[in-house]
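J.: For the sequence shown, the positions run 50 to 255 when the working numbering is used.
The set of hints was computed from the structure by calculation and includes no laboratory data.
C-beta atoms are modelled at their ideal positions from N, C-alpha and C, and glycine is treated no differently.
Hints may contain errors.
Stated by the list, open to error - What follows is a list of derived Cβ distance ranges for each label pair:
no., residue 1, residue 2, range
1, Ser200, Glu81, 51 to 59 Å
2, Ser211, Ser245, 38 to 46 Å
3, Val244, Gln212, 32 to 40 Å
4, Val145, Ser175, 32 to 40 Å
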Amino acid sequence: MYDFEFGSRTAKGGFANEKAICEKFNNWKNDEDAKLWLKIMGYDPDKIDYVKAIQIPTRIKKEDIKKFGFSEEEYEKLMRFKKTDIQVQIRLIIRVNNALKVENLSLKKANSDADYNQVDKRWVDSYKEMWHFDEEIALALKLFTGEIPPSSHREMLKVSVSQLRDKRRVFLTELRDEIVQKIISFFTKNKILVVSDILKGRGGFV
Numbered sequence: 050m051y052d053f054e055f056g057s058r059t060a061k062g063g064f065a066n067e068k069a070i071c072e073k074f075n076n077w078k079n080d081e082d083a084k085l086w087l088k089i090m091g092y093d094p095d096k097i098d099y100v101k102a103i104q105i106p107t108r109i110k111k112e113d114i115k116k117f118g119f120s121e122e123e124y125e126k127l128m129r130f131k132k133t134d135i136q137v138q139i140r141l142i143i144r145v146n147n148a149l150k151v152e153n154l155s156l157k158k159a160n161s162d163a164d165y166n167q168v169d170k171r172w173v174d175s176y177k178e179m180w181h182f183d184e185e186i187a188l189a190l191k192l193f194t195g196e197i198p199p200s201s202h203r204e205m206l207k208v209s210v211s212q213l214r215d216k217r218r219v220f221l222t223e224l225r226d227e228i229v230q231k232i233i234s235f236f237t238k239n240k241i242l243v244v245s246d247i248l249k250g251r252g253g254f255v
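Model the full structure from these sequences, guided by the hints.
T.: Shown next as structure tokens:
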């Protein structure tokens with residue numbers, strides 16, 4: 050079993066760009082990193098016949114969609130639901146015993162100086178469109194993220210604006226209790242969808 054530590058070292062380790070990573074996969078027979086990555090993905094390098102890594106840009110023109118193996122029908126969903134903060138997208142085509150398998154990889158470089166690393170970054174309205182929560186939850190999340198100022202919806206607070214820990218945003222403990230419970234209830238009920246979208250995204254890159 051390969052551990053989290055190796056994944057972290059890989060993310061921080063200076064594979065400078067997607068081109069370098071593609072080159073390592075395309076040289077998988079001689080590249081020890083690529084062999085290890087393939088093992089982590091569940092493949093036995095000794096049984097692989099062929100590997101082709103294709104660099105996919107984070108923004109794709111509609112006229113170029115077919116060259117990356119997607120149909121026109123997939124394009125709209127791909128652009129709406131793909132992860133927004135991924136720096137490297139790679140499509141791997143692997144042949145094992147004459148069976149072709151396609152793997153879509155999303156990589157994000159970790160910042161070792163940061164206290165935290167965000168997993169996904171979108172405007173609240175984008176999440177609302179994806180997950181269909183109501184306007185009250187949307188407003189609460191906008192207050193929480195600082196997308197709108199606390200003074201714009203004082204009625205949602207259980208403390209005065211002057212008592213907020215941070216005048217730019219609202220902590221969940223500073224929202225009215227019934228709103229907090231509504232948020233918790235929504236995310237508890239929809240946690241599988243939320244986690245899947247945050248970690249994987251949707252569409253052709255999944």
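J.: State for each hint whether it applies.
T.: Here is how each hint holds up against the structure:
no. : hint                        : in the structure
1   : Ser200 x Glu81: 51 to 59 Å  : holds, 57 Å
2   : Ser211 x Ser245: 38 to 46 Å : holds, 40 Å
3   : Val244 x Gln212: 32 to 40 Å : holds, 34 Å
4   : Val145 x Ser175: 32 to 40 Å : holds, 38 Å
Of the numbered hints stated above, none is contradicted by the structure.
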